[in-house]
Amino acid sequence: MALSRSFVLGQHYPGTSVVHRSGALVKLVSTIALMIGVFVATKTVQYIPIAVFLAVGIGVSRIPLRFFARGLKPILFLIVLTVVVQVFFTPGTPIWQFGFVRITREGLGLAGFILCRLVLLTLVSVLLTASTSPIELTDAVSDLLKPLSHIGLPSAEIALVMSIAMRFVPTILEETERIIRAQVSRGARIGEGSLVVRMKSFIPILIPLFVSSFRRADDLAVAMEARGFRVGSPRTRYHARHFRSFDAFILLGTVAALSGVILWRLFL
Amino acid sequence: MSIELKNVDYIYDSGEPFEYFALRGISLHIDDGAFVGVVGRTGSGKSTLVEHLNGLLFSTRGDVIVDDERVSNERTVLAKIRRRVGIVFQYPEDQFFAETIFEEVAFGCRNYGFSKEQVDESVHKAMSTVGLDPERFLPLSPFQLSGGEQRRVAIASVIAMGQKYIVLDEPTAGLDSGSKLAVLTELESLRQTGNVTVILVSHNMDEVAEFCKEVVVLDGGTVAFQGSTDAFFRDAELVDRTGLELPESYRLARALKECGSTLTVNEGSTGRMLDSLRLCVSDLGGA
Numbered sequence: 183m184a185l186s187r188s189f190v191l192g193q194h195y196p197g198t199s200v201v202h203r204s205g206a207l208v209k210l211v212s213t214i215a216l217m218i219g220v221f222v223a224t225k226t227v228q229y230i231p232i233a234v235f236l237a238v239g240i241g242v243s244r245i246p247l248r249f250f251a252r253g254l255k256p257i258l259f260l261i262v263l264t265v266v267v268q269v270f271f272t273p274g275t276p277i278w279q280f281g282f283v284r285i286t287r288e289g290l291g292l293a294g295f296i297l298c299r300l301v302l303l304t305l306v307s308v309l310l311t312a313s314t315s316p317i318e319l320t321d322a323v324s325d326l327l328k329p330l331s332h333i334g335l336p337s338a339e340i341a342l343v344m345s346i347a348m349r350f351v352p353t354i355l356e357e358t359e360r361i362i363r364a365q366v367s368r369g370a371r372i373g374e375g376s377l378v379v380r381m382k383s384f385i386p387i388l389i390p391l392f393v394s395s396f397r398r399a400d401d402l403a404v405a406m407e408a409r410g411f412r413v414g415s416p417r418t419r420y421h422a423r424h425f426r427s428f429d430a431f432i433l434l435g436t437v438a439a440l441s442g443v444i445l446w447r448l449f450l
Numbered sequence: 037m038s039i040e041l042k043n044v045d046y047i048y049d050s051g052e053p054f055e056y057f058a059l060r061g062i063s064l065h066i067d068d069g070a071f072v073g074v075v076g077r078t079g080s081g082k083s084t085l086v087e088h089l090n091g092l093l094f095s096t097r098g099d100v101i102v103d104d105e106r107v108s109n110e111r112t113v114l115a116k117i118r119r120r121v122g123i124v125f126q127y128p129e130d131q132f133f134a135e136t137i138f139e140e141v142a143f144g145c146r147n148y149g150f151s152k153e154q155v156d157e158s159v160h161k162a163m164s165t166v167g168l169d170p171e172r173f174l175p176l177s178p179f180q181l182s183g184g185e186q187r188r189v190a191i192a193s194v195i196a197m198g199q200k201y202i203v204l205d206e207p208t209a210g211l212d213s214g215s216k217l218a219v220l221t222e223l224e225s226l227r228q229t230g231n232v233t234v235i236l237v238s239h240n241m242d243e244v245a246e247f248c249k250e251v252v253v254l255d256g257g258t259v260a261f262q263g264s265t266d267a268f269f270r271d272a273e274l275v276d277r278t279g280l281e282l283p284e285s286y287r288l289a290r291a292l293k294e295c296g297s298t299l300t301v302n303e304g305s306t307g308r309m310l311d312s313l314r315l316c317v318s319d320l321g322g323a
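Chains A and B supply the protein sequences, listed in that same order.
Just so you know, the first sequence maps onto residues 183 to 450 in the numbering used here.
Just so you know, the second sequence maps onto residues 37 to 323 in the numbering used here.
Just chain A, same shape as in the assembly (with noise of 0.2 Å):
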């Protein structure tokens, strides 16, 4: 029944390593150069720096590899189908055949260059989500969208819905256990039978949830304004942001990482 314990993609894991405390912006930036990294890899082993920097970043950052491996979890489905696909379905030359099943020296490479990308671009994200707390992210965020404020892009206020969904996430999903345990001790049976029968029996949870939360909504509208809330009015920050050293390691490593598969890339 526990819904909130499986979601890892996206949580925080609180902790005071240097990658906790360096800034979110400079872990923003890094995440996303890194994930451009890994899109201009070509092939396999041009991910070996990307790969290095994230294991060293990972290490030291204290946070067990258990939660990793959960935070692969949801994706392993994906993972699993597209490596088969690759595996079976890659025209080449054939190193293993029966009948009209066979696996290609190519097929097998292009699986593992997928399964390398998959896994690279999970971890990458779960590293900047783990060691960053949501509030920190979204001011990330707000600060990468700023510039684009000059054009009429209402940056604080998207990064205050983005703050306010993921301050939500655990809320609900608390929120759709306790409906479920409600409605099963009506004796509603969820997930069962034909895929009708299965799809009405998500109505009595789906329902007061969209209640409840349109509720919520509400409510915070509310408390908002009576703190002196107002939209496009700007604001002032809690946390002031400051540079330390590590960032300054992070956006090299990043650089030197990117550089090294752009070059590899080019040049080998």
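Be careful, since some hints might not be right.
[To be verified] Calculated pairs, BS3-like style, for lysine-lysine (alpha carbon to alpha carbon, straight line, at most 25 Å):
hint, chain 1, residue 1, chain 2, residue 2
1, B, K152, A, K382
2, B, K42, A, K382
3, B, K249, B, K293
4, B, K249, B, K200
5, B, K42, B, K200
6, B, K293, B, K42
[As the list claims (entries may be wrong)] Computed footprint of chain B on chain A, listed as stretches where at least three residues anywhere in the stretch have a Cβ under 8 Å from a Cβ of chain B:
hint, stretch
7, 281-291
8, 389-400
[Unchecked claim] Which residues of chain B face chain A? A few of them, derived with a C-beta cut under 8 Å, are:
hint, residue
9, L64
10, D130
11, Q131
12, F143
13, Y148
14, F173
15, V194
16, M197
Simulated from the structure, these hints should not be mistaken for lab results.
By construction, the Cβ of each residue, glycine as well, lies at the ideal position given by its N, Cα and C atoms.
Position chain B relative to chain A; hints supplied.
Positioned in the frame of chain A, the structure of chain B alone reads:
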């Protein structure tokens, strides 16, 4: 026939570094037809205990036995247990989803395969039990009622299923005092006329003193006391140690005694206290 817990442990995240004993060695016995209070400070394990009674949670160690049936994760057992034990959770009106009150109250009955006539009959009976006129309320939307009425509809939606044991987790939280008393009085009459066992989780000691003859006191996931409610509230030291408060009537009786009063008062509940005080005063007047 009864509900029995034998040495029940419940551990959250068992085996993990953050494992946490929510219940530790709970042994209980709840007789048929009783009105039992479950009390304890916040975090003492009341809600966890309640969820064991109809198989929403399963004990890590020990047995929960409902009418000779051991609660387990097996589908047929679960169906049987849930057919016998109904739970009204905190703020049960948050579970509303149907367009009319009739549909809302009928939901549980339909899930248990009642025939059309049975559904009709149970819904009407449940609405009358909670003091809402079926003819007037059944066609309305549950969302357009007042808080007190919503709470009663939610309670009706559980008792309509006709379960033998009804567990209520703070059914009076957030209600005005009139509705509080009405809801509990309706439960008491359901117990007497419908042969239902009522298990009431509550933070309100006055309520517990008034309605529950027996009480189970939880403290830190263990049973600190089980027995007569009066015996518990007479042990002021135990009440204090378990983080609870004395009901008003017991406090008044103590205050009277400390003043050297020799009046014989019934401290069992506020109502009985008032009655016995009136009697004393009229005696004095007569003398």
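Mind listing which of the numbered hints don't hold for this structure, in increasing order?
2, 6, 7, 9 and 14
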